[in-house]
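Asker: Heads up: the sequence lines are chains C and B, in that order. In this text, residue positions in the first sequence follow the numbering used here: the first is 1, and each later residue adds one. In this text, residue positions in the second sequence follow the numbering used here: the first is 1, and each later residue adds one.
For the record, the hints were derived by calculation from the structure and aren't laboratory data. One or more hints might be untrue.
Unchecked claim - Under the rule of at most 20 Å between Cα atoms (straight-line distance), these lysine to aspartate or glutamate pairs were calculated in the DMTMM-like manner:
no.: 1; chain 1: C; residue 1: 107; chain 2: B; residue 2: 12
no.: 2; chain 1: B; residue 1: 70; chain 2: B; residue 2: 105
no.: 3; chain 1: C; residue 1: 107; chain 2: B; residue 2: 17
no.: 4; chain 1: C; residue 1: 92; chain 2: B; residue 2: 41
no.: 5; chain 1: C; residue 1: 92; chain 2: B; residue 2: 90
Predicted, not measured: the structure shown is a model, and the values here were computed from it.
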Amino acid sequence: MNEESLDRTLLALADPYRRRVVDLLCERPRRAGELAEATQLAFPAMSRHLRALRESGLVEEGRHEQDSRVRIYRLRQEPMNELKAWLEQTEKMWMRQLAAFKAHLQKTRK
Amino acid sequence: MRVPASPEHAFEVFTQEIALWWQPNGLFAITPAGDGRLAFEPGVGGRLFTTFSNGAEYEIGRISAWEPGKRLVFTWRPSSFTPEQSTEVEVLFQAVGKETRVSIEHRAWDTIPQRHAARHGFPEHATLQRAADWWRVSLAALSERLGSAE
């Protein structure tokens, strides 16, 4: 696992608006205007969030299929997969720690 | 995970005997030098730190909730994380008959939006709650959608 890119993903997701954008892009790719409207953010503020998401690698910019003048944003699979893998491993790690805690309690039980 | 102890005893052993039960593991090593010997300093604001055989210490995090027999919350920052990046661990102790259910939730960004909360004008708790909800709910939905998109 690449820790630097995971750090970038976590930092990008540290903002509630950016998490909302990721939620929305999960459903389908969208235009910046749509995203601004759905989150009730001013367009420049949304642009800043989209730039942060692009820089983190979570989101990429593309062209609309029917109209190449229109820019659309979509999620990139890779960072989300990495995040999922990290979550699963973290959960496993804590399950192992809890099992060890339980074993210790049983051993030292009065 | 159910453990054979009262919530009070489970909390005490969890915090005071962590050096005895903690299992170091390679993939999630706290520092490149390993996990060392972990210890909690009791009470809110106390450190969770580890000591190495040469006497060096590393602070893993700080305790933000200390409710013996009920709840423990502390920050968690392995040395590979950047200084501004911290994750949060919440441990709950619930009595089930004569035993205790111990559950752990590790949250990756609940600690970060605290600074953002004031800026966005959200009440802090609501923001944190939303972050926690997103963590639990959306990620499962997300992984389903991502899975089907492949």
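Asker: State for each hint whether it applies.
Answerer: These are the hints, each one checked on the structure:
1. 107(C) / 12(B): holds (15 Å)
2. 70(B) / 105(B): Given that 20 Å is the threshold and the Cα spacing comes to 14 Å, the pair holds.
3. 107(C) / 17(B): holds (13 Å)
4. 92(C) / 41(B): Outside the cut-off at roughly 26 Å; violated.
5. 92(C) / 90(B): holds (16 Å)
In the structure shown, a violation is registered for the earlier hint numbered 4 alone.
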